[in-house]
Each structure stands twice: as structure tokens, then as C-alpha cells.
Amino acid sequence: MSRARFTCLFILVHAVTASAAEDTLPRMPWGDPDLQGIWSNATVTTLTRPDEVDKLTLTEAEATAVEKYGLFGEEARREIDNLPEGDLQAGENVGGYNAAWIDAGTRVLRVRGEPRSSIITEPLDGQIPYTLMGRGRFYWQGYKWMTRHDNPEERPDGERCIVGFGSTGGPPMLPVLYNNHYQFVQTPSEVLILVEMSHNVRTIRLDSEHLPEVVRPWLGDSIGHWEGDTLVVRTTQFHPQQNLRAAIKHQVYMTSDSVVEERFTRTNEREILYQFTVTDDSIYTQPWRGEMTLRTAQGPIYEYACHEGNYGLPNILAGARQAEKE
Amino acid sequence: MAPSRILAPLCMALCSLIASHALAYEPPRTAGGKVNFSGVWQVLNTANDSLEAQPGRAAQVLRDGPAVPVPVRDLVALGATGAIPPSIGVVEGDVIPYRTSALAQREQNRANWITADPEVRCYLPGIPRANYMPHPFKIVHNDDSLFFNYAYAGAVRNVALTDPGPAPLDSWMGQSWTRWEGDTLVIETTGFNDRTWFDRSGNYHSDKLKVIERFTRTSDHTIDYSATIEDADLFTRPWTIRMPLYRRVGRDEIMLQFNCVEYVEEMMYGHLRKEPLD
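Here the protein sequences come in this chain order: A and B. Residue numbering for the first sequence follows my numbering, beginning at 1 and increasing consecutively. Residue numbering for the second sequence follows my numbering, beginning at 1001 and increasing consecutively.
Keep in mind that the hints were calculated from the coordinates and are not lab data. We put the beta carbon where it would ideally sit given N, CA and C, even for glycine. Hints are not guaranteed to be accurate.
To be verified - Interface residues of chain B toward chain A, partial, derived using beta-carbon atoms under 10 Å:
{"#": "1", "residue": "Ala1031"}
{"#": "2", "residue": "Gly1154"}
{"#": "3", "residue": "Ala1160"}
{"#": "4", "residue": "Pro1168"}
{"#": "5", "residue": "Met1173"}
{"#": "6", "residue": "Leu1256"}
{"#": "7", "residue": "Glu1265"}
{"#": "8", "residue": "Met1268"}
As the list claims (entries may be wrong) - Here are some chain A residues the structure puts well away from chain B; computed CB gaps all over 10 Å:
{"#": "9", "residue": "Gln127"}
{"#": "10", "residue": "His199"}
{"#": "11", "residue": "Glu213"}
{"#": "12", "residue": "Gln251"}
{"#": "13", "residue": "Thr255"}
{"#": "14", "residue": "Gln275"}
{"#": "15", "residue": "Tyr284"}
Chain A with its partners taken away, still in its complex shape (with noise of 0.2 Å):
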């Protein structure tokens, strides 16, 4: 070996070792940074800007004060605990859950330790930039929703229970009011994701080529690849009825063929770095994006059968059909 070649050598090997030694990010034994475990997404803050904010990032006063008095803060939050005293009466409005049930997060959306003030980032007003059209079809389908009881299917997927509440199990993967549990278990070629509500599993195929176009799982088709070591992730081919994703804490319109990039970045022991970019040129006037933080949760994430127990949706359309008769 002649001695250029030998001290290049060393050089190399150094370097390998010393960026070794840095390392501190998790990996599985095949390299790529280690995602499994178990994550929440539970946080106060909102995915769209509320009116009354102007800017992304808040101060830690901001931060406080919205985490006590913010839409979803603690005194909000002790509201929700709206379920009237004693037995209901006919007509009387059912309220919505008490407080036993909600764990939509206590604390401000921190990314990279800045607080937020909307999971959004992009545009800068922090909304969704639906077009004239976008915004019709998003109303349209929240008024049927509102409005029409006459078929099982006319319902929301997540009274249905074929997936969870608004946009939980998405992607974008976004807060709702409780079980904002996610489990990420990981192969060489495959990356699945396990969200709590409605126990649904995301396959993220690696390197891998979308389904055959009729093939329309929920929660969309999934195709990612590594770039350095962050998990990128393109989705599209979402069930035609996964439309609006509604839920208390966000509402999104989105189509069948919109197409959401995703990219998971681990940060740190802790941490996952979250970012998202939905594009959609037939109902937003530009892609928009949001970040968020996955942060570890205690496990296990215990089972939400949903579909067996379902009272609701059989007791709405009853409720509806005893309605037109009275």
C-alpha cells in the first residue's frame, strides 16, 4: 500500500469513527434511524391560525396564556365537560363527553423548542389556501353531514368507525380531541404505522411503486424512501369517501387524488420532527404545509374497537327515521 493511499485510508476510517461517536440518533441494526416505539401528537394548539394571532411563533408568556385560556387551554377544556346532570329528556341536546375522555394535550405545539401558534406553517396566514371551488366542496359536504341522516354511508368515516375522527389517522396525521397515540414498527423495506383510532395501520412500502390506480386503501397508498435519515413519505390514492376529515379540533377537505408528503426526521431521543405538504391543484390555490412534534408516550396503546361497539350510527339513522314519523 503506498503511503498516500494508507494515509487516505486512515483518514476515512477516522472520520467514520469520530461521525460514529456523534451519533447519538437511535438506528435499527440495518442502519436507518430507529422510528419504533410509541408517539403522541396530542397538543392545544390548532392546525389553522386562530383570528386573533398574526404570527407562527408565540413567546413562552403567549405559550402560557393559550395554555390556559386557548381554545382547547384548561379552562376550555373543563367546559367540554358539558354532560348534563341526571337522565335526558326527549329533546334535550346530549352534550358532548366529560372531561374522563379528553386528552387532546395540555401544552403549545413546540417545534424545535419554539412555540406555535398553528400547526400550519405555510402560506403565512396560517389556513388552508382552498380555491373558490375548495372551500364549496368543503362547506357542501360539512352541510350533508349536518343535515343528512338518510344513509349509513352518508355519515362521517369516523362515525362509521372505519377510521378515526377527522384527519387522526390521515396523513396528515393531525391531533384530535383524545387517543393520539401512534406505534411505528419498522423492516428494512416496510415502515408501519398503528393509529389508535380505529386501530388502523398505515404500510409505508420502501422503494416500492404505488397500487394499480382502483386500488383506494383508506388512509391513502403510502411509497417512501430514506433521504440521508429522514423517512420520506408521498401518499395519494385516498378512499374517494375520505374526503372531509372533521373533527373538533380541525377541518380539512381534501380529494382522492390530493397528494400529502410527509417527512419524519428523528431528532432526538424524544422527538420526532414532523412536516407536511398537501398538494391539490383542483381545490387549493397552493401546496400548504405544517410541522409538528411526535413526542414518546408510555405504551401500550390498548385496543379501540370501534365498529363492535357502534350505538351511534345505528341510533342517529333510528333517531332520524323516528323524527320523520313524529
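Starting from the known structure of chain A, fit chain B onto it as the hints suggest.
This is chain B only, laid out in the frame that chain A set:
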């Protein structure tokens, strides 16, 4: 003593040693050295129709005909697609050892299969049934996780790697944890509710059910699978089912979701439509 009388047995012993060594299958392993069960698996039998041996018949539920039993009215239209092929069964000892008092419920389940089998309603399948339904399932296995994802109903099973103690609440899929017996993966599951069945023939259990499964890789494409059922309320003794699981390969290795919740809405809620269909 002639040398051949010593050499021959020696040679035979040596040969059998070499042969057994050559035949011993060396399975894929995780980085930590445990046998790795990752893959997409499925049975090639009709255990989901019936765990016990059965003759072929015209439908899952029959009624008396003028000469031989015929399908009940609701199943007539299915023709051959609703007919049940014969099977030799998967129960060791052939017969499930029900207590006499528990058999009547099995017969009632059988007669009411169309409305009573949780599978018809797309309810979570429970264990062990999830493993021998006519749908694939995926195992993701490494040193930190053992995760089962079933195509049917999107059922999942997250297996704890150490004993978590008694299940805090009953569930459809139960609470599972794993231990090893050599290269055999043993999964113990308890914490079930009493609402799942073992098959379409009405075989059932109580919430006292405990299932001990054993997975042994016998080749790159097969697992020797057994499940021992303990439920003293219903059975006179523990009993065991056993069958191979086959690995799907190539283009078949993909597992698509079978979220049947949307497919049973007409059956479950059709009568509540504003205008019920004919």
C-alpha cells in the same frame, strides 16, 4: 470381531449425524440472534370453516330437504361459492373436548351462524382465529417489537416482550406476551372478552380463555403453528390445534387492507335507511 461389524454401525451413526445436520433448517435471525418471523403469512386450509373434521356440504347452514339437507333460504343464491369443502380438521385428537353443558350453545351458534358469527359482522376475530382466516397477515419482528397486522378488519396485535401481568381490561384480541422455548416463539394471550368464536361452526369460548401459541420456523416458507386452548368453564381439558402457516412470496407478498366495516353497513344498518332497499 470383524472390522465391518464395528464400522457399519459407526458409519451409519456418522451418516445419520451428517444427514440430520444437513437437514437442520437454519432460520433467519434478528440482530439479537432470535429467530425472525417477519413476513406475510397465510394458511392454506379451511380451519376457519371448522376446526374439527367435517364432510363437504352444500352451505354453512342447512335445513331439512325432502331427501337430503339443503341450504337455508338466505344462502341458496350463493350456489357453489357458499358450499363447504370437506376437511380433515386441525384439532389434535380430532374432537374438541366440550363439557356436556357447553355443547348446546355450540349447536345454537351453528344454527344461527348467519346472524351470530362475529366474522359476518366484521368484528375483530380474536386469537387464535385471526391466524387461520382466509386472509393474509403480516408479522413485523425485530429485537424491540413483535407486531401482527391482519388484513381482515385491520386487526392488530402488539405482543409484549415481557410478562405485563394480568390484563387491565378485556378486549377482542386479548393481551399477548412472548417467551422463547429454544427457537420456538411462544405467545401467551389472556384478557379476552367472550364475544369471539374459533370458527364458522360456532365453536366458542368464555372470557376465561387462555391461548398458548407456538411458532416454529420449519423452512423459509413455512411455520409450524399450534395453539393450546384453556378454558375450564367450557372444556374438560386443554386442547390443541396445529397447522402450517405459509409465507407469501414475490408479487403475493404485499398485504392489502380488508376493512370490511364498510362492506357490512347494508347488512347491519340497511333497515334504518330512509328508504330501505328491496
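Hint-by-hint comparison with the structure:
{"no.": "1", "hint": "Ala1031", "verdict": "3 Å, holds"}
{"no.": "2", "hint": "Gly1154", "verdict": "6 Å, holds"}
{"no.": "3", "hint": "Ala1160", "verdict": "7 Å, holds"}
{"no.": "4", "hint": "Pro1168", "verdict": "8 Å, holds"}
{"no.": "5", "hint": "Met1173", "verdict": "6 Å, holds"}
{"no.": "6", "hint": "Leu1256", "verdict": "7 Å, holds"}
{"no.": "7", "hint": "Glu1265", "verdict": "4 Å, holds"}
{"no.": "8", "hint": "Met1268", "verdict": "7 Å, holds"}
{"no.": "9", "hint": "Gln127", "verdict": "32 Å, holds"}
{"no.": "10", "hint": "His199", "verdict": "5 Å, violated"}
{"no.": "11", "hint": "Glu213", "verdict": "14 Å, holds"}
{"no.": "12", "hint": "Gln251", "verdict": "22 Å, holds"}
{"no.": "13", "hint": "Thr255", "verdict": "19 Å, holds"}
{"no.": "14", "hint": "Gln275", "verdict": "25 Å, holds"}
{"no.": "15", "hint": "Tyr284", "verdict": "27 Å, holds"}
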